[in-house]
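Chemist: Construct the complete structure from the given sequences, taking the supplied hints into account.
If you want the building blocks of each chain, they are given just below.
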Amino acid sequence: MSASASSLRSDRPRGRWVGRLFYGFLLFSLVLGFATLGALLVQVFLEGYKWVDLVLFLEPPSADPLIAGAEPAILATIFLGVLLILFTVPLGVGTAIYLEEYADRERWYNRLLEVNIQNLAAVPSIVYGILGLAFLVRGIGLGRVLLAGAMILTLLVLPTVIIAAREAIRAVPDSIRQGAYALGATKWQVVWRQVLPAATPGIATGSILATSRGLGETAPLLLVGALTYVSFNPTLLGEFTALPVQIYQWVSRPQEEFRTLAAAAIIVLLGILLTLNATAIWIRNRYERRW
Amino acid sequence: MSATMAAVSVDLTARARELPAKEFREVVFHVEDLGVSYNGNAALQDVSLEIYRNFVTAFIGPSGCGKSTFIRCFNHLNGLIPGAVVEGKILYHGEDLYGPHVDPVEVRKRIGMVFQKPNPFPKSIYDNVAFGPRVLGMTDRLDDRVERALEQAALWDEVKDRLKASALSLSGGQQQRLCIARCLAVEPEVILMDEPASALDPIATTRIEDLMHELKRDYTIIVVTHNMQQAARVADMTAFFSITRGEEGQRTGILVEYDATSKIFTQPSDKRTEDYVTGRFG
Numbered sequence: 001m002s003a004s005a006s007s008l009r010s011d012r013p014r015g016r017w018v019g020r021l022f023y024g025f026l027l028f029s030l031v032l033g034f035a036t037l038g039a040l041l042v043q044v045f046l047e048g049y050k051w052v053d054l055v056l057f058l059e060p061p062s063a064d065p066l067i068a069g070a071e072p073a074i075l076a077t078i079f080l081g082v083l084l085i086l087f088t089v090p091l092g093v094g095t096a097i098y099l100e101e102y103a104d105r106e107r108w109y110n111r112l113l114e115v116n117i118q119n120l121a122a123v124p125s126i127v128y129g130i131l132g133l134a135f136l137v138r139g140i141g142l143g144r145v146l147l148a149g150a151m152i153l154t155l156l157v158l159p160t161v162i163i164a165a166r167e168a169i170r171a172v173p174d175s176i177r178q179g180a181y182a183l184g185a186t187k188w189q190v191v192w193r194q195v196l197p198a199a200t201p202g203i204a205t206g207s208i209l210a211t212s213r214g215l216g217e218t219a220p221l222l223l224v225g226a227l228t229y230v231s232f233n234p235t236l237l238g239e240f241t242a243l244p245v246q247i248y249q250w251v252s253r254p255q256e257e258f259r260t261l262a263a264a265a266i267i268v269l270l271g272i273l274l275t276l277n278a279t280a281i282w283i284r285n286r287y288e289r290r291w
Numbered sequence: 001m002s003a004t005m006a007a008v009s010v011d012l013t014a015r016a017r018e019l020p021a022k023e024f025r026e027v028v029f030h031v032e033d034l035g036v037s038y039n040g041n042a043a044l045q046d047v048s049l050e051i052y053r054n055f056v057t058a059f060i061g062p063s064g065c066g067k068s069t070f071i072r073c074f075n076h077l078n079g080l081i082p083g084a085v086v087e088g089k090i091l092y093h094g095e096d097l098y099g100p101h102v103d104p105v106e107v108r109k110r111i112g113m114v115f116q117k118p119n120p121f122p123k124s125i126y127d128n129v130a131f132g133p134r135v136l137g138m139t140d141r142l143d144d145r146v147e148r149a150l151e152q153a154a155l156w157d158e159v160k161d162r163l164k165a166s167a168l169s170l171s172g173g174q175q176q177r178l179c180i181a182r183c184l185a186v187e188p189e190v191i192l193m194d195e196p197a198s199a200l201d202p203i204a205t206t207r208i209e210d211l212m213h214e215l216k217r218d219y220t221i222i223v224v225t226h227n228m229q230q231a232a233r234v235a236d237m238t239a240f241f242s243i244t245r246g247e248e249g250q251r252t253g254i255l256v257e258y259d260a261t262s263k264i265f266t267q268p269s270d271k272r273t274e275d276y277v278t279g280r281f282g
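Chains as they are written, first to last, in the working numbering: chain A, 1 to 291; chain B, 1 to 282.
One should not assume that every hint holds.
Taking lysine to any residue pairs in the SDA-like style, the calculated list, with each CA pair at most 25 angstroms apart, reads [as the list claims (entries may be wrong)]: (1) B:K123 x A:V195; (2) B:K164 x A:P173; (3) B:K123 x A:A171.
Source of the hints: derived by calculation from the structure; they are not laboratory data.
Modeler: Laid out in structure tokens, this is it:
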């Protein structure tokens with residue numbers, strides 16, 4: 001009895017140490033990332049929360065930090081978000097449907113397209129900004145307007161939306177398509193009535209996450225001419241600023257009060273982005289499907 | 001092995017069937033020299049047979065013998081697979097199924113299919129059954145149509161109080177009967193069943209088999225199965241497929257023997273059929 005019990009004891013203490021070491025490394029990675037982010041958020045919050053008030057939401061910027069607000073920037077960011085969704089979802093989902101359901105992968109141009117989309121997702125946002133400046137602002141003479149900003153952000157997040165939508169469409173099992181075909185549905189009906197509804201939660205989640213990423217971008221907007229001092233509310237074809245740009249500008253001012261104001265604006269921007277992300281997570285949990 | 005044989009024979013005597021003589025059978029499909037290849041590799045070749053109206057016809061054979069490939073030829077489903085080429089002829093009431101002007105959608109309207117794994121759409125029970133009629137524009141008195149289809153599939157009593165519930169909440173056997181109902185709702189003439197009970201438990205399997213007996217009064221049924229007892233229980237005619245190896249070792253399915261089920265299981269004329277049905281092979 002005792003002999004068989006002792007044979008169950010580990011004779012590989014080294015293996016256990018390696019295991020513990022690895023576990024420790026995993027914890028370290030986790031803590032490093034979260035602690036840094038957490039410290040940053042706490043610091044920003046402590047610095048800026050007192051300045052998140054009606055002045056910030058309802059007043060234009062000013063040279064006097066005490067009466068300066070970010071209303072034009074906040075409105076412009078919301079505008080940009082709405083336009084981004086309106087532009088990227090149809091284009092992105094359309095491209096994804098083409099690539100997943102219609103494209104013949106044997107054809108060289110479809111493969112080229114695929115590789116390109118993957119690469120576009122990795123292009124730095126400043127490059128998109130330059131493209132926007134050269135092509136939208138000067139090339140077609142749109143000028144330094146909100147629409148140009150929305151369009152360039154669209155180009156920036158489009159690859160991400162396409163990739164997310166493709167994943168969602170690919171996750172719809174083939175048996176669903178075959179079942180629909182077998183009932184006499186046309187390709188259009190299969191895609192429109194079965195594949196798309198089943199893929200909608202994934203598509204929505206991906207689009208929202210991509211949009212919130214786009215809204216945090218500063219560089220491309222600076223290049224297409226988002227101004228740092230705009231005292232009027234944004235219109236589609238008017239000059240504009242946006243929250244990240246406003247933050248960037250305030251942070252670079254010498255006065256301490258403007259930094260506090262920047263911290264307050266960061267809280268607002270984070271609030272907008274976290275709301276979007278929370279919506280995405282809610283949609284995913286609400287409509288998640290197991291096949 | 002002898003036990004298998006005994007079980008099969010008992011079943012046959014229990015269901016002793018008188019098949020109509022050949023001249024009284026109506027031919028639905030006339031298959032001639034049919035072959036299917038994927039990217040140049042022949043998966044099935046030289047199949048010729050006739051499928052008769054209001055018969056249950058079973059395709060049996062070992063894995064890889066091309067029986068599933070074959071059944072998918074009848075509703076153009078192979079056309080969805082890139083690289084698949086169908087050669088030879090299938091005449092449907094004398095009309096070439098692979099003629100130049102044939103629309104696969106029209107074919108699938110008349111020739112429904114039930115798949116191996118239940119594949120309900122991620123929608124309500126009602127919407128599953130109504131999908132076919134809706135895409136085909138048969139929306140007149142849709143509620144009645146849905147109810148009739150569910151009744152024919154022996155599912156109505158179980159789901160009538162929860163038609164709006166998700167189809168995915170049903171058990172596997174119910175899901176498969178829902179798929180049968182979905183297929184019946186568009187009033188096809190032929191129902192193709194690709195191993196319809198292979199993912200189900202014995203009780204659910206029995207229900208599907210009973211259903212096939214019921215349905216053959218109104219429909220022509222072709223069923224692929226790798227369960228010989230099932231073929232013996234449900235089929236009027238049975239086709240046995242096997243595999244040949246080509247010069248380079250590639251496996252190709254061929255039709256070995258096609259006859260009345262009782263004949264296939266009691267006095268097959270081919271040695272390979274006999275070996276298979278007695279369990280000596282496969």
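Chemist: Take the hints in turn and mark each one as holding or not.
Modeler: Verification of the supplied hints:
Proposed proximity of K123 (chain B) and V195 (chain A) is supported: the alpha carbons are some 12 angstroms apart, at most 25 angstroms. About 23 angstroms separates the Cα atoms of K164 (chain B) and P173 (chain A), which keeps this hinted pair within 25 angstroms; it holds. For the hint linking K123 (chain B) to A171 (chain A), the alpha-carbon distance of about 16 angstroms falls within 25 angstroms, and the restraint holds.
Hint compliance for this structure: no hint is broken.
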